[in-house]
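*Asks:* One-letter residues, chain by chain:
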Amino acid sequence: MKQFRIAMAILIALAMATPALAINVEWHGDFNHRFSYSTQADTSVRTIKDSEKYIGAGGALLSQGKINLPDTKKNKNDSDFFGELKYRMDMTVSDDEKKVKGVVGFEFGSSKFGGKGADFGGDDNVFELRWAYTELELPFDPASRLTVGLQPVGYNALLWSDNAGGVKWTRKENNWAYSLGWFRNDWNTSSDSKDANPSVNKSQYDDAYAADLTYVFEGGNSLNAFLIYMDQGQEPVFGETFTLQDEEIWLGLAGKGKWNNLSGMFTGIYLTGEVEVDGESLDRNAYLFHGQLDYTVGKNTFTLGGLYASGDDDDSDSDVENFEVIDIATSILGSVIIFDNYCDDNSYSQAPYVLDQGYQLIYVGASHKLNAKTKLWAKYFWHNTAEDSRLGDNEIGHEFVVGASYTIMKGLTADINAGYLVAGDAWDAMASDGNGDDVFRTDARIQFKF
Amino acid sequence: MISKVSVWLVALLLVAAGTTSAGTLEDMVGDLQPVPGYVVLPVQDEYLIDLDAAKGLVVGDLFSVIQPGEKITHPVTGKVIGTLDSSKGVLQVTQIKEGFSHTKALTGKADIKRGDSIRRYDGLRTAFWDYTGKAEGFYSSLKAALPALDWQDFAAAQAEKPAKPASAGAASADLFVLAGRDGITVRDAKFRVVRAYPLPAELLPTVSAPLQTAAAAAAAAAPYRLETPVKPVASAHGVRYDIAMPGFQTPGGLGFAAVMADFVRSGNDLLMAATDGTVIKLFKAGDTLVPVTEFQPETLPQILALHWWQPASGELYLAVSAWKDNGLNSSVYHFANGTFSAVGKFLPYSLGTFDRDGNGSRELLLAQNFDRETFWGTIVRELQLQNGKLETRDISFELPRRFTVGGSLMADLDGDHDPETVFVRDGLMYVYSGDKQRYKSPKMMGGSVSRIMFEEQPNARETKTHFAAFEVPPIAVDLDNDGGSELLSVASESSLISAPGISANVSKSWLAVVKFRDGMFVKGTLGEELDLPLQGLTLDQKRVMMVATQAGSVFGKDGGSQLLVFPLVK
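Just so you know, the sequences run in chain order L and B. For the first sequence, the numbering used here assigns the number 1 to the initial residue and increments by one for each residue that follows. For the second sequence, the numbering used here assigns the number 1001 to the initial residue and increments by one for each residue that follows.
Rather than coming from a laboratory, the hints here were simulated on the basis of the structure. The reader is advised that the hints may include incorrect statements.
Said to hold, decoys possible - For lysine to any residue, the following SDA-like pairs were computed, each having C-alpha atoms within a straight-line distance of at most 25 Å:
| hint | chain 1 | residue 1 | chain 2 | residue 2 |
| --- | --- | --- | --- | --- |
| 1 | L | Lys101 | B | Ile1502 |
| 2 | B | Lys1345 | L | Leu304 |
| 3 | B | Lys1324 | L | Asn125 |
| 4 | L | Lys101 | L | Gly29 |
| 5 | B | Lys1113 | B | Phe1100 |
| 6 | B | Lys1324 | L | Asp141 |
| 7 | L | Lys449 | B | Pro1036 |
| 8 | L | Lys410 | B | Lys1284 |
| 9 | B | Lys1134 | B | Arg1119 |
| 10 | L | Lys99 | B | Thr1463 |
| 11 | L | Lys369 | L | Met430 |
| 12 | B | Lys1440 | L | Thr407 |
| 13 | B | Lys1055 | B | Lys1079 |
| 14 | L | Lys375 | B | Gly1023 |
| 15 | B | Lys1143 | B | Arg1192 |
| 16 | B | Lys1281 | L | Thr407 |
| 17 | B | Lys1440 | L | Lys375 |
| 18 | L | Lys369 | B | Gly1360 |
| 19 | B | Lys1079 | B | Phe1100 |
Since this is a predicted model, take the numbers as computed values, not measurements.
Model the full structure from these sequences, guided by the hints.
*Replies:* This is the structure we're talking about:
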């Protein structure tokens, strides 16, 4: 807290000094209050994590943490309601022409009403640093920018779109844009240990090297090719029972386009590499495809989309065939029950798969702009895993979603949606009695963004 | 010694003259003080001297090359108390480097050599031309403070001066000091401005003389006068246009809070299209504001800007830049028989229209791509109508990298018959010739409420938030009937600390004037300040027309806009 106060004092002093320094200070914010009710709240607690690895090896499923599948049987007291706040702010200090920017971003929360940071009296430390980076135009090349520090990495939204510390060079010239980046992680945070061996620490860092290339066509359509290589150092996993070393290479192509009333986007990613588990070498060989088309007629938009993430059909062979992301959110899909919704971080899965079983998803939807401020929509999802080796069946279930958004004022919106999952056999398989129940969940939020 | 005496003398003069003229006189005396130095090296046709900007040099400064004369020895002490020097040539600074400067010889070239002693503004024949009729006292003060100059008699200089400030032809002096209603300028023998200063208060025309009287007496074509430059020359700030505001006329309200309005003359009518971000209204703007029609684009985008486009004589189109679903979704409408019909929809560009040929109609429609980081992409194409459909074409002229199709115009400002590109971005006004920057204003230009906040990656878990403003395009008009165009632009004041996603934070607005004069762009103001943002601007039949918007509450209620008009000639 002391550090936070010092940081704030510096920022305020800097802000007050702006006239003398001839710099500009911009504040942006995302003040988000959300509420959720579910008939089975135990399915809303990050069962599948985007930052987690799920590796089938030697007939077992390995991961860093303990895997707790929820009981999809509705039991007594399973239904629950919560309110939560997540406040984000960032300050950008720049010169008049924005050739140099310094950005600091904070998050207060997430804090559930009644929980840490949002109970009676408050007074808890729920402060997180999101961004701390400097971005500058290279003096000898105005088309180039260099970003150094803790920053949003800006790669494909289904692979890596969170924050990371590192250095990224980007360049845009006419129709082309390209970037190179280096970022560092410590997946198992073992290097934080005070008594850890420094030489071991070094080997346990995860270095990610990323490159991407974008071409913007006439009319704004674009193609983006990207390559990310991550060398994850040796990590003890699964309660330190195993030592794991992972080399992953993601090679992807994404595009988006608009042709009169029709717009679309797609992502295709191939994952290769090698995992070493206690000296045994496993080959990674996985892929993901996502596509979506939107057709607009007047005030109505119709959506058709699908996603396929490969799963591992045999955890005892020498292949790891399930797709894995680096760090994402799944709110792009619009599911209420399974993926990230208005209350992100409170979803069944933060990744587009379940464990090492991959995913198959088909969805259709329609939205209607009632007026300039109000939008209504409905969506249907057919959820399946790609493989059935772990749950005995593919079908998670059929989900039906309706929602409404209302713009109260510029930047301030109120949203509500509700989803109902008709349980499938894979959902049943996660129940204590082999017969999972349907789930109803509704989320709402009041969000002020500026 | 002379220098010290001068300083004391100036101090006394300043006290006597009062603070109003102190600034100009003090500045001039400081700038024209003799500064000693040496010729370091002849280089081709130039001479390097051992002085630089740290000694107060500017390009154009003049130096006498000293021809040492007989020593003056004190008859009692025997000490040398001076020399009877003379000038053997004049050097003029052409380039200033760090530690030295380039000069060229105006006279005496054959005699100047390495090691020669030089002194700035020393021994130069100087004429003071007074076009204010009041500057004799100022001349006396200046002459007393700058004794190193060889001043021509005041009365003789006035007798010799041309009726209007102009080159004297054959150099009758090495240096001219001109006091005119535009300010005081110091010029070289070829009449090029070396330095410029605002007119001291005591030399200003009598305040009680109403503008209209002055204007009528001066010239019907110049209904306002060029007044005091605020700062010395090379800073490029300065000329102040002033007009006694006869009070706004208010032809009418628009019925909503307009975020953008644009005007076009169609036959005998001046048409104004305006939008509140949702609805587009069309008015006839005359003595009263007459509604003609209105419509709402069916896809319900957020309209950010609109510009009239006239690709052919008699044809009228409206280019509408709009935002929808995390991207640009613009349209072009044909206006005929009182209705608008779309000829292009779902355009992923920002649109702007321009009059490159200077014929008074905006025949060029430019489309700029959307960049998810900066909003204004670097790809700009021309849109043309082919068989009733819009098609893109490459442009045949250069545009600067920071160019924006919103808040911009193209017009010949320097008289070279090649249009300059002018745009307002992030509070700065830029003037470019091709890709060469000619002028950048201080940060006070624009100030529009038409703005959009957007996320760099809308689907990403973590993404940066940016905003962009669509500024009201400046207009190029010949305010003073001198045959050249001045820029008239919305300017505003806002806090350096802002939350642009919430509001434009405009505390006051006014009209800025930028004029090309004496080889540079100078800035001034026109009219009075308003406490409302200005969202539309034109000049029609000697009337400045602008749309002032009261934003209303954050919920969009109680806002409104008024068309304000004031005539340049009462």
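*Asks:* Among all the numbered hints in the text so far, which are the ones the structure does not match?
*Replies:* Numbers 3, 6, 7, 8, 9, 11, 12, 13, 14, 17, 18 and 19 - these are the hints that the structure violates, sorted from lowest upward.
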